[in-house]
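S.K.: Sequence:
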Amino acid sequence: MSRYRAPALPGSKYITPEGARRLRDELHELWHEERPRVTAAVAAAAAQGDRSENAEYTYGKKRLHEILRRVRHLRKRIEGMTVVDTLADAARRDARRVYFGAWVLVQNDAGERRWHRLVGPDEFDMCADYISMDSPLGRALMRRTIDDEVMIELPSGSRRLTVIEIRYGLRP
1 MSRYRAPALP
11 GSKYITPEGA
21 RRLRDELHEL
31 WHEERPRVTA
41 AVAAAAAQGD
51 RSENAEYTYG
61 KKRLHEILRR
71 VRHLRKRIEG
81 MTVVDTLADA
91 ARRDARRVYF
101 GAWVLVQNDA
111 GERRWHRLVG
121 PDEFDMCADY
131 ISMDSPLGRA
141 LMRRTIDDEV
151 MIELPSGSRR
161 LTVIEIRYGL
171 RP
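Here the numbering used here is used: position 43 in the sequence shown is 43, and no number is missing along the way.
Because the hints were derived from the structure by calculation, they are not lab data.
Just so we're clear, the structure is a prediction, and the values are computed from it rather than from any experiment.
Errors might be hidden in some of the hints.
Unchecked claim - Below are the PhoX-like pairs computed for lysine-lysine, each with C-alpha atoms no more than 25 Å apart in a straight line:
| hint | residue 1 | residue 2 |
| --- | --- | --- |
| 1 | K62 | K13 |
| 2 | K61 | K76 |
| 3 | K76 | K62 |
Claimed, not checked - Beta-carbon label-pair distances, calculated as ranges:
| hint | residue 1 | residue 2 | range |
| --- | --- | --- | --- |
| 4 | Y4 | L105 | 35 to 45 Å |
| 5 | E29 | S156 | 14 to 24 Å |
| 6 | G49 | E26 | 31 to 41 Å |
| 7 | R143 | A55 | 51 to 61 Å |
Heads up, the beta-carbon is just placed ideally off N, CA and C, and yes, glycines get one too.
Could you put the whole structure together from the sequences, leaning on the hints where they help?
M.R.: What follows is the structure, given as structure tokens:
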């Protein structure tokens, strides 16, 4: 049995202005505030002498590596992002179809309705109603129109959803 794993496919490069601002804020916080604080703590721990049994030094170095890894990841993601302002793009696109940034009201077979917003893979955790455009539901909803039925395969089985309403802009 091999330990090889195929590389994961990179997520979509689209992001809303709010998501881009959040990533930039996190990068600024890590690079300009937390990294200098941890670096100072590591320097103070190193000045105490024997580093081999110094837990503050060891854990500080580990935290510094975590910060630098996250900073590299954020810089790489932000570098290739395309910020899509859904309000500005609304005039150019067909508002009767589901595209990136759309709020979509879907109804299941039991009659339960729920709003979802299609966002990029870096921002779906900002709100409970946000779903990634790369998720199975997000891919199934893309380019659909009102009254379209969508079949989605879940681990628990197939589920049919109907698109009830599509909106762009602020949360409905």
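S.K.: The structure should be examined with respect to each hint, and the outcome stated for every one.
M.R.: Taking the hints in turn, this is what the structure says about them:
Taken as a hint, the K62 and K13 pair is broken in the structure, with Cα atoms around 30 Å apart against an allowance of 25 Å. Between the alpha carbons of K61 and K76 the distance comes to roughly 23 Å, so the proposed pair stays at or under 25 Å and holds. With a C-alpha separation of about 21 Å, the suggested pair K76 and K62 falls inside the 25 Å cut-off, and the hint holds. Separation of Y4 from L105 is about 43 Å and conforms to the stated range, judged on CB atoms against 35 to 45 Å.
The beta-carbon spacing between E29 and S156, approximately 38 Å, falls outside the hinted interval of 14 to 24 Å. At roughly 35 Å, the beta carbons of G49 and E26 sit within the given window of 31 to 41 Å. Between R143 and A55 the C-beta distance comes to about 55 Å, which sits within the given range of 51 to 61 Å.
The structure is inconsistent with the numbered hints 1 and 5, although it conforms to all the rest.
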